[in-house]
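Produce the entire structure from the sequences given, and follow the hints as far as they go.
2 protein chains.
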Amino acid sequence: MKKLARMTMLYDFYGRLLTKRQQEIMEMFYEDDLSLSEIGEEYSISRQAVYDLLKRTEKNLEGYEEKLSLMDKFEKQQGKIVDIGALVTELRKTGNLDLLEQIEFIIQEINDLERK
Amino acid sequence: MKKLARMTMLYDFYGRLLTKRQQEIMEMFYEDDLSLSEIGEEYSISRQAVYDLLKRTEKNLEGYEEKLSLMDKFEKQQGKIVDIGALVTELRKTGNLDLLEQIEFIIQEINDLERK
Numbered sequence: 281m282k283k284l285a286r287m288t289m290l291y292d293f294y295g296r297l298l299t300k301r302q303q304e305i306m307e308m309f310y311e312d313d314l315s316l317s318e319i320g321e322e323y324s325i326s327r328q329a330v331y332d333l334l335k336r337t338e339k340n341l342e343g344y345e346e347k348l349s350l351m352d353k354f355e356k357q358q359g360k361i362v363d364i365g366a367l368v369t370e371l372r373k374t375g376n377l378d379l380l381e382q383i384e385f386i387i388q389e390i391n392d393l394e395r396k
Numbered sequence: 281m282k283k284l285a286r287m288t289m290l291y292d293f294y295g296r297l298l299t300k301r302q303q304e305i306m307e308m309f310y311e312d313d314l315s316l317s318e319i320g321e322e323y324s325i326s327r328q329a330v331y332d333l334l335k336r337t338e339k340n341l342e343g344y345e346e347k348l349s350l351m352d353k354f355e356k357q358q359g360k361i362v363d364i365g366a367l368v369t370e371l372r373k374t375g376n377l378d379l380l381e382q383i384e385f386i387i388q389e390i391n392d393l394e395r396k
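Protein chains in written order, with our numbering: chain P, 281 to 396; chain F, 281 to 396.
Keep in mind that the hints were calculated from the coordinates and are not lab data. Hints are not guaranteed to be accurate.
Just so you know, same-sequence chains aren't split out, so a pair can sit in one copy or run between any two.
List time: in silico DSS-like cross-link candidates among lysine-lysine, alpha-carbon distance up to 27 Å [unchecked claim]: (1) 283 - 353; (2) 347 - 335; (3) 353 - 339; (4) 300 - 347; (5) 300 - 339; (6) 283 - 300; (7) 339 - 356; (8) 373 - 360; (9) 282 - 353; (10) 282 - 360; (11) 283 - 347; (12) 339 - 282; (13) 373 - 353.
So, in structure tokens, the structure goes:
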């Protein structure tokens with residue numbers, strides 16, 4: 281995953297565990313596309329200070345994922361649901377009921393994921 | 281959900297954000313079924329101190345869920361996957377391909393959940 285996409289997702293999952301200031305800086309940088317200097321002006325701190333804050337915040341987010349792996353679990357689940365969708369589409373087209381067994385297998389895999 | 285089930289699930293989701301001591305006490309109480317007094321003896325602290333620690337820990341876990349709602353999201357997703365499983369079983373039994381539309385609808389609902 282590209283860094284921007286990963287940070288956006290991690291922020292989506294764990295952002296509410298960050299401090300208000302960390303949340304603001306993440307949003308300015310990743311959502312509003314402000315530069316480090318622009319964010320620095322906002323808070324009257326140096327570009328370098330913003331950089332350090334951002335790095336620390338990203339490390340916090342990665343730390344949450346390292347501990348909880350909830351994003352990874354969601355991603356895997358999401359992938360399997362896409363697989364079910366594709367099989368359903370194929371079943372619709374072909375009427376091949378043998379595909380139901382594959383769908384059941386994937387549902388079982390999802391249930392196994394939940395239990396980990 | 282019953283309190284025991286809820287605490288076990290919350291601990292499963294967010295336990296790794298707790299301190300080592302909090303984790304130990306949660307496991308002794310909820311997994312090993314030790315009494316407050318028994319846990320107190322383990323740490324040479326009073327029954328009341330264990331109670332307070334446990335309450336605080338439960339509050340921390342509820343706090344994580346209040347902020348992140350990830351357990352709630354997982355639960356909803358899980359419910360929908362059970363629904364898909366039931367429809368697949370029915371489809372298998374009846375061969376009624378109209379059920380595919382319902383399955384696709386639920387897949388869409390799951391995708392909408394992910395985006396929230």
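Status of the hints after comparison with the structure:
| no. | hint | verdict |
| --- | --- | --- |
| 1 | 283 - 353 | both (19 Å within a copy, 25 Å between copies) |
| 2 | 347 - 335 | both (18 Å within a copy, 23 Å between copies) |
| 3 | 353 - 339 | both (20 Å within a copy, 25 Å between copies) |
| 4 | 300 - 347 | both (22 Å within a copy, 13 Å between copies) |
| 5 | 300 - 339 | both (16 Å within a copy, 21 Å between copies) |
| 6 | 283 - 300 | within (22 Å within a copy, 31 Å between copies) |
| 7 | 339 - 356 | within (23 Å within a copy, 30 Å between copies) |
| 8 | 373 - 360 | both (20 Å within a copy, 24 Å between copies) |
| 9 | 282 - 353 | both (18 Å within a copy, 25 Å between copies) |
| 10 | 282 - 360 | within (21 Å within a copy, 30 Å between copies) |
| 11 | 283 - 347 | both (19 Å within a copy, 24 Å between copies) |
| 12 | 339 - 282 | within (16 Å within a copy, 36 Å between copies) |
| 13 | 373 - 353 | neither (31 Å within a copy, 32 Å between copies) |
Comparing the model with each numbered hint stated earlier shows that hint 13 is the single one that does not hold.
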